[in-house]
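There are 2 protein chains.
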Amino acid sequence: MAKIAIMGFGTVGSGVLEVCRRNAAAIARRAGEPVEVKYILDVRDFSDSPDAALFVKDLDIILADPEVKAVVETIGGTRFAYPYVRRCLESGRSVCTSNKEMVATYGAELLALAREHGAAFLFEASVGGGTPIITPMHQCLAANHISRIEGIVNGTTNFMLTKMKREGMSFDEALRLAQKLGYAETKDPGDDVDGRDACRKIAILASLACGHHVYPDNIPTRGIRELTSLDVKAAESLECVIKLIAWYREEANGGLSAGVEPMLVPDTNQLAGVDDVFNAILVKGDMLGDVVFYGKGAGKLPTASAVVADVIDALKEGAAVHDSLFWQPAEKLDHMLEDKKPCSWCVRVRGGAYGFSLPMEPVRSENGQTVCRVHNATRAQIDALAVEMKARGCELLLALKQMPA
Amino acid sequence: MAKIAIMGFGTVGSGVLEVCRRNAAAIARRAGEPVEVKYILDVRDFSDSPDAALFVKDLDIILADPEVKAVVETIGGTRFAYPYVRRCLESGRSVCTSNKEMVATYGAELLALAREHGAAFLFEASVGGGTPIITPMHQCLAANHISRIEGIVNGTTNFMLTKMKREGMSFDEALRLAQKLGYAETKDPGDDVDGRDACRKIAILASLACGHHVYPDNIPTRGIRELTSLDVKAAESLECVIKLIAWYREEANGGLSAGVEPMLVPDTNQLAGVDDVFNAILVKGDMLGDVVFYGKGAGKLPTASAVVADVIDALKEGAAVHDSLFWQPAEKLDHMLEDKKPCSWCVRVRGGAYGFSLPMEPVRSENGQTVCRVHNATRAQIDALAVEMKARGCELLLALKQMPA
Chain V
1 MAKIAIMGFG TVGSGVLEVC RRNAAAIARR AGEPVEVKYI LDVRDFSDSP DAALFVKDLD
61 IILADPEVKA VVETIGGTRF AYPYVRRCLE SGRSVCTSNK EMVATYGAEL LALAREHGAA
121 FLFEASVGGG TPIITPMHQC LAANHISRIE GIVNGTTNFM LTKMKREGMS FDEALRLAQK
181 LGYAETKDPG DDVDGRDACR KIAILASLAC GHHVYPDNIP TRGIRELTSL DVKAAESLEC
241 VIKLIAWYRE EANGGLSAGV EPMLVPDTNQ LAGVDDVFNA ILVKGDMLGD VVFYGKGAGK
301 LPTASAVVAD VIDALKEGAA VHDSLFWQPA EKLDHMLEDK KPCSWCVRVR GGAYGFSLPM
361 EPVRSENGQT VCRVHNATRA QIDALAVEMK ARGCELLLAL KQMPA
Chain L
1 MAKIAIMGFG TVGSGVLEVC RRNAAAIARR AGEPVEVKYI LDVRDFSDSP DAALFVKDLD
61 IILADPEVKA VVETIGGTRF AYPYVRRCLE SGRSVCTSNK EMVATYGAEL LALAREHGAA
121 FLFEASVGGG TPIITPMHQC LAANHISRIE GIVNGTTNFM LTKMKREGMS FDEALRLAQK
181 LGYAETKDPG DDVDGRDACR KIAILASLAC GHHVYPDNIP TRGIRELTSL DVKAAESLEC
241 VIKLIAWYRE EANGGLSAGV EPMLVPDTNQ LAGVDDVFNA ILVKGDMLGD VVFYGKGAGK
301 LPTASAVVAD VIDALKEGAA VHDSLFWQPA EKLDHMLEDK KPCSWCVRVR GGAYGFSLPM
361 EPVRSENGQT VCRVHNATRA QIDALAVEMK ARGCELLLAL KQMPA
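Sequence order for the protein chains is V and L. First residue of the first sequence? That's 1 in full-length UniProt numbering, and the numbers climb one at a time after it. First residue of the second sequence? That's 1 in full-length UniProt numbering, and the numbers climb one at a time after it.
Possibly wrong hints are sitting among the right ones.
In silico DSSO-like cross-links for lysine-lysine, where the CA-CA straight-line distance does not exceed 30 Å [to be verified]:
{"hint": "1", "chain 1": "V", "residue 1": "K163", "chain 2": "L", "residue 2": "K284"}
{"hint": "2", "chain 1": "V", "residue 1": "K300", "chain 2": "L", "residue 2": "K300"}
{"hint": "3", "chain 1": "V", "residue 1": "K284", "chain 2": "L", "residue 2": "K233"}
{"hint": "4", "chain 1": "V", "residue 1": "K3", "chain 2": "V", "residue 2": "K300"}
{"hint": "5", "chain 1": "V", "residue 1": "K180", "chain 2": "L", "residue 2": "K284"}
{"hint": "6", "chain 1": "V", "residue 1": "K180", "chain 2": "L", "residue 2": "K300"}
{"hint": "7", "chain 1": "V", "residue 1": "K165", "chain 2": "L", "residue 2": "K284"}
{"hint": "8", "chain 1": "L", "residue 1": "K233", "chain 2": "V", "residue 2": "K165"}
{"hint": "9", "chain 1": "V", "residue 1": "K341", "chain 2": "V", "residue 2": "K390"}
{"hint": "10", "chain 1": "V", "residue 1": "K300", "chain 2": "V", "residue 2": "K180"}
These aren't lab readings, by the way, just hints derived from the structure by calculation.
With these hints in hand, go ahead and build the complete structure from the sequences.
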């Protein structure tokens, strides 16, 4: 019998308890022994719960119990989660987490700490919710060098973009609906709509691909707040759809770039058909070519089932998993991982589109604004165009890259 | 240093050697030690090869060398592969294979043999080529009960169907092109076009999902030979595309069914956009919901890279992997796993569509044949309709199920 503890009894944490109980037999077979939740750490009062006896408020009780082999961290954030996870790993307990902020911020350090103490630090659920991505990347693609990742990794914004396209909603209407359905935070939806959540996820995948820590702070991140229905309709007339894409690329010369930004995705691209709260992540291996992993990016039971799969791996494999699931510490860069590659763009402008240094082809106009195509330009050229337009009393309101088909 | 042997130096076998050399450093890091190919078993003459020194013609040489920890089987078929793999496993060597026919036929027996001798028997490359599916299913979805699988698992037929749809080719034209490009066998393309290859792959996935051996012989299998351009065009006017679907389903009452057959896939379904030689497999977990794995289903280096990832797992995990990668032996059924569920159909008929026991709505006609829709009918009812039509001098030429959107 393997005993585990859950830290943080919110949505995912309570899901972990439910999954462990509902699929106990299958989990026992695969772990090689039954898995039982012995403690739940939460500061809140659960004395009315049928599981009241499991709750503790002090991490030391868990750490003092030699029966506890692995700990699930589903507190979220870093303030409590980070020191608690450190203490668990230092005590030789494996930790399984869905906490992308913690992994994106302290991943290299916690991986090294786990290795040092003979424990596993696993985080499949931190990207893609329940959709397998971390394990396939480091295990199934172990014989590949990964040079490119492109994904729709935030379900909330993908739901909103789907509503803006299909039902002609504005950004505000789509956000209100997402909040009503519980997909977006009511108080501050910024983590989702400003791209920070997607940025943390691509930082984790980029770190795994390149082998050293990539900090979210170094990844240029743009959200979807500025998108208008004119952008959506212009994309449609170009046989594209707008998606919030998190991407990572290693150039032939070894240089890295990464970003989170709304992009025009051609209808023929695999990512174009990924709608609603679904996620999809494309990974390019040098031997394998492109593979795509698709599924729901969030939700209580899907995410919890990924955490429980990690618990099984942690119990079976221990620190050996870190031969492949590992990246080195690295300093934060003092510059951003800017995209220097030329590509096609859609720019939304006001006040005129002719006679500037970059040729613009008008696509669609509305209320004095025009969406135009610009071919084969870098981000720096687009930034220069914005300055040039301003000097002539015009305005470049938004610039979106187009992905290849 | 871990030494391995390759049995069968064809396309995939030579790819394994190439992958091991090209990505040696990454493989060494992930395996925890360098991996070196010490022997290649092949009956043919490779004395001109730069690797001539590695070739042997006698399995006993490999088995007598205690340095060899794992053996790759890429001979194909069962005549030689099966007894050789048995002998390797009996000697305690782990075996990694891309051989779907052998796994579909002898999987349960070889898994038990591996376990008995403390070895691993791994076959990620047997389904989906290099696209991860077996490992995600038994490891990442370990906390799930899998009740449904639907996939495009044969790249050759998917390429042909894509050509029939996009370029209006006939079956014969598409087959000739597939043969010319090396996707289909020139001599006997039956394994692909008659669905046997897809049948073996779904038998493997079904066995893994339900926990006991499912024999290809018990899976009703229909190929794509009878499809005409009228079927393709009728599907298009119903906003569907025809795909060869391999599927498995566990009903609420625990009954199993499975099949391989061309089906109408609505354009909105994730599988509809999977074109050319690509594969995609949808797996439904009770906790996770639907996930889809997408990638190239074949090819030398993709397939070889999956075999090499298995070699790394075999060296690291050994027989422990079979706590989750396992199914029990079972007798061959004396009946087929027929689909008893009612669904929508497209039937192609000659000689009249009115006045029969099942109402038919004509969709499209050509050269005296008409494609009609039939709603909410079972396979048994369609079979009865065929008999009824024949008795009245008409003919039911082809019946295709429609997948849900």
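We went through each hint and held it up to the structure:
Only pairs whose Cα atoms come within 30 Å are accepted, and K163 of chain V paired with K284 of chain L is accepted, the gap being roughly 25 Å. As the CA atoms of K300 of chain V and K300 of chain L are separated by approximately 40 Å, the hinted pair breaks the 30 Å bound. In summary, the hint linking K284 of chain V to K233 of chain L is not supported, as the alpha carbons are separated by about 34 Å, beyond the 30 Å threshold. Distance restraint check for K3 of chain V and K300 of chain V: the Cα-Cα separation of roughly 22 Å lies within the 30 Å cut-off, and the hinted pair is therefore satisfied.
Distance hint between K180 of chain V and K284 of chain L is fulfilled; the C-alpha atoms sit about 28 Å from each other, no more than 30 Å. Taken as a hint, the K180 of chain V and K300 of chain L pair is broken in the structure, with Cα atoms around 50 Å apart against an allowance of 30 Å. With a C-alpha separation of about 28 Å, the suggested pair K165 of chain V and K284 of chain L falls inside the 30 Å cut-off, and the hint holds. At most 30 Å may separate the alpha-carbon atoms for a hinted pair to count; K233 of chain L and K165 of chain V meet this at roughly 29 Å.
With a C-alpha separation of about 24 Å, the suggested pairing of K341 of chain V with K390 of chain V holds against the 30 Å cut-off. Proximity of K300 of chain V to K180 of chain V is assessed by CA-CA distance (about 17 Å); at most 30 Å being required, the pair is judged to hold.
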